[in-house]
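Here's the letter readout for the chains.
Number of protein chains: 2
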Amino acid sequence: MRYTILFLALLLCTGVRAQDTTLYSRTLASLPAYEAFLALPNDARIDGQLEPNLQWLEREFGQRGFTTQRLPNAGIDLLLVGYPTERADAETVLFYGHVDGQPVDPSKWVLAPPFRPVYGTMEVDSSGSVQYLEADLPERPEDTEVRLFARSSSDAKAPIMMFLVAWDQLVADGKRPDYHLKFVIDPMEEASSPDLPNAVRTHREALAADHLIILDGPVHATNQPTLMGGARGIATARLTVYGPRLPQHSGHYGNYAPNPALRLAQLLGSMKDQEGRVTIPGYYDGIELDAETREMMAGVPDDINDIRRKIGFSQADGVGANLQEALQYPSLNIRGMSSGWVGSAARTIIPNTAVANLDLRLVKESDGDRLLGLVEEHIEHQGFHLIPDGREPTDEERASYPRLASFSGSTSYGAFRTDLNGPTGSWLQRALMHTFDAPPVLVRTMGGSVPIAPFVNTLDVPAIVLPLVNPDNNQHSPNENLLLRNYFRGVTSLYGVLDEPLHPE
Amino acid sequence: MRYTILFLALLLCTGVRAQDTTLYSRTLASLPAYEAFLALPNDARIDGQLEPNLQWLEREFGQRGFTTQRLPNAGIDLLLVGYPTERADAETVLFYGHVDGQPVDPSKWVLAPPFRPVYGTMEVDSSGSVQYLEADLPERPEDTEVRLFARSSSDAKAPIMMFLVAWDQLVADGKRPDYHLKFVIDPMEEASSPDLPNAVRTHREALAADHLIILDGPVHATNQPTLMGGARGIATARLTVYGPRLPQHSGHYGNYAPNPALRLAQLLGSMKDQEGRVTIPGYYDGIELDAETREMMAGVPDDINDIRRKIGFSQADGVGANLQEALQYPSLNIRGMSSGWVGSAARTIIPNTAVANLDLRLVKESDGDRLLGLVEEHIEHQGFHLIPDGREPTDEERASYPRLASFSGSTSYGAFRTDLNGPTGSWLQRALMHTFDAPPVLVRTMGGSVPIAPFVNTLDVPAIVLPLVNPDNNQHSPNENLLLRNYFRGVTSLYGVLDEPLHPE
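First to last, the protein sequences are chains U and Y. Position 387 of the first sequence, counted from 1, bears residue number 387 in UniProt numbering, the numbering being contiguous throughout. Position 418 of the second sequence, counted from 1, bears residue number 418 in UniProt numbering, the numbering being contiguous throughout.
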């Protein structure tokens, strides 16, 4: 609703900065260049696909007077571009983006192959199935539902292109940022940037900054301007409970040979209460949400009824008073569980093992290894003797311990979180407030995990996520798209950020 | 140990009935005829394979003066043979056997194809792997470890052949049973005798008897003469707990959208205590084990240490004081459990469903439908709204009920159990005691389930299982075999049964 009003305002050229009309035409005019950028295939797993993208970036940034530099990296080099200010004592702002995209399966792209950009619409009919229709580029696209379909159209060539258009307008308006600007472009984000932490350590000096703005991901589900202070980290684990050496006839030994599926069920069941809250002592240690933080989270316009209806449940777990509060705590999620056979393959046996795969979403207060340790201790407190993962119990272990299990886990990466009301967050809040005459949605932390965390933590810099693209962009899936409204608003947002003084007068 | 002593006794012709030497030569001489019987393929699922077997039986029993009659049955007709006594007011004893065998995979038979009978040995080496070696038929096979390998050599042409040999000796000794004898031979037991209950109802009069002796299955694990009073029945069920409509990103909604794997774990965990005893009220109702029964069960020479070592656990579930007691109770076994993905397929999701497949072994006191009803009630008492199995919850159900599940089960067949100290059991105990000068192992009920139960229950006749073959016969598997010692002892056992007066003087 607020968003519609904003665009009405934009149309009427009231309450909007003077340069917006020019910015609007420039954005519209930039679409062919964006289509050309999107036409470059960009799967980092395919040799040679990223090089034309990097050359495109070097040319575009170079033409605009940016320094460009490749930072050696295992795999494909990072690209760092820079535009220093001449102001004395200026701070440095580092933007982060990525130019590579998810792998594609062209057979699943409805309107055109993934690297032939095409305009169209996406509609969900009453039965829930999605219809894609090709469309002409409308005269005033920001007022329609027309999208640009192509791999990486949202994730994440969009913010790079938006940045370039906003920059051009800034220069046309005779302005420059009041900070040293760096923009690092990751060519392997969708390939999990396997060596990024090392590269960041190696190039710490080149990347050094006072503020980090991460240009990735979609805005809040309501498609309003959004700032995010962090993301949860992730650890994963595997828990195996051992039963008989081989599956046993459930008649001969039912009621006698212990069933590992029951024991796994009881063990997993003991880790949480009926409301889904972890009952393992210490699991939530260190997390304190003060009144101001709770107020910020209560202000996030999550449409709980809509979420419930879409996902299909009537009562959420009891961790936190609302969705945003729930995401401030580490999770302990059973992502998979298996024992014996089910369905038509079911056999009347006592299974020999029962396995659960877990994932633990981490918050800043919750070190992954500490949580894994607590889970392991809990398993032992439930009477299980733990053996190393990856091998069967020995005869001696079977003879000695009534309950046998293995547990192995590892932390993929930690969480990061920057105070949205700290210097970096306040600056960005001001920029968006000035641009849209309305405060952005403030998300204290994303529920998901992004491999940027090592980057943030290694550079030890306050980092805020500035997402720009529409939430229904089919990220990582076929028919990825960018709602043109978000393209226009994204350019406007970045103009506001480039134009906003780091420190208020 | 006792068994070795018995055969020493047999060899020395002391403490054994006068005709035993003759019986011995006759048994040895019968082996070529048995080989010919075993050479007839007998998979009921393959058209035409059973007919030569039925003709063989009609000829063998017919030559011995038995009446023979085919009882129409869906699929393959049952064969009923009879030998009435001339005694006034005699009771009727019905023997049950089956002539069909499990399907075969000839490529897995080591010594010879499944329908080319061959003598050999089976040895398990220190690493646990099995070695098969061909052997000559020894002069006194009952004193060796030599086996006859062929499909159905144990399961269950053995007792039919043993019966014929014992009968011939009985006739040679100028004796006849003091009861009307009927022998019904099922040609579809390994194909689950799908229409047997109907056939038994149709032919109730022809099959009517005062005692039923089931000649099937192996003796107790110690390979001692054994009588079994019954078998557990079986019911199966499927329990599905519903989570989100589709798998959800565990980051976006972890701690918020309820996880069905956790709920299934907690639900299954709530059905039993830590010792594996069912905690659902009423589940064990009606089961009372008096002192005499407990004594009988404690007398079964189960080698608990050996069972633990073989199966690989150190502490049995707490249902009953020993294995035999445990089998007197219905089980509630998780035979399979699945949710999401595990192992290399694991994905960081909240799964959309979690499924458990259960089997409930039934005892005579425990009607399958009653137990399924108790489990269903328990699920509802745990706060779950149950929807019909086989469809997804509707949007309205998802919006209305915090916990959604489906549960569906059915009773395959009930248990049967006959008092081993009742008239039928006492008679058979006397017969074996007179034959071997030692009491048989008395198993009150088998843990497993056999499709004979409808037969027993429809005829409403006291039924006792008289197993004769060795426990390590590879029943249902490749390399099925009959230990020749068991062949000799089986003939001796059946001679004893045919010769034993139904009622002591």
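Everything labelled a hint here was simulated from the structure, so no lab data went into it. Bear in mind the structure is a predicted one, so any value in this text is a computation, not a measurement. Every residue gets a Cβ at the ideal spot worked out from N, C-alpha and C, and that includes glycine. Don't take each hint at face value.
To be verified - Computed Cβ-Cβ distance ranges for the label pairs, DEER-style:
1) U:Arg-391 / Y:Pro-301: 31 to 37 Å
2) Y:Glu-377 / U:Ser-400: 37 to 43 Å
3) U:Asp-460 / Y:Glu-275: 49 to 55 Å
4) Y:His-434 / U:Ser-400: 29 to 35 Å
5) Y:His-476 / U:Arg-391: 54 to 60 Å
6) U:Asp-460 / Y:Ser-129: 56 to 62 Å
7) U:Gln-55 / Y:Gly-343: 39 to 45 Å
8) Y:Leu-71 / U:Ser-107: 58 to 64 Å
9) U:Arg-391 / Y:Ser-408: 47 to 53 Å
10) U:Lys-175 / Y:Glu-396: 55 to 61 Å
11) U:Thr-394 / Y:Gly-343: 52 to 58 Å
12) U:Arg-391 / Y:Leu-71: 37 to 43 Å
13) Y:Pro-301 / U:Ser-400: 47 to 53 Å
Cross-check of the supplied hints:
Range check, U:Arg-391 to Y:Pro-301: Cβ separation about 35 Å, and the 31 to 37 Å hint holds. The beta-carbon spacing between Y:Glu-377 and U:Ser-400, approximately 39 Å, falls within the hinted interval of 37 to 43 Å. A beta carbon spacing of about 53 Å between U:Asp-460 and Y:Glu-275 agrees with the range 49 to 55 Å that was offered as a hint. Between Y:His-434 and U:Ser-400 the Cβ separation comes to about 46 Å, which falls outside the hinted range of 29 to 35 Å.
Y:His-476 and U:Arg-391 have their C-beta atoms about 30 Å apart, which leaves the hinted 54 to 60 Å range violated. Between U:Asp-460 and Y:Ser-129 the Cβ separation comes to about 59 Å, which falls inside the hinted range of 56 to 62 Å. For the pair U:Gln-55 and Y:Gly-343, the supplied restraint of 39 to 45 Å holds, since their beta-carbon distance comes to about 41 Å. Under the hint 58 to 64 Å, the C-beta atoms of Y:Leu-71 and U:Ser-107, about 60 Å apart, fit the expected range.
Distance hint check for U:Arg-391 and Y:Ser-408: the Cβ-Cβ separation is about 38 Å, which falls outside the suggested range of 47 to 53 Å. Against the hinted window of 55 to 61 Å, the Cβ-Cβ separation of U:Lys-175 and Y:Glu-396 comes to about 56 Å, which satisfies the hint. Look at U:Thr-394 against Y:Gly-343: about 23 Å separates their beta carbons, and that is not inside 52 to 58 Å. At roughly 56 Å, the beta carbons of U:Arg-391 and Y:Leu-71 sit outside the given window of 37 to 43 Å.
For the pair Y:Pro-301 and U:Ser-400, the beta carbons lie near 26 Å from each other, so the given range of 47 to 53 Å is not met.
Consistency note: the structure conflicts with the earlier hints numbered 4, 5, 9, 11, 12 and 13.
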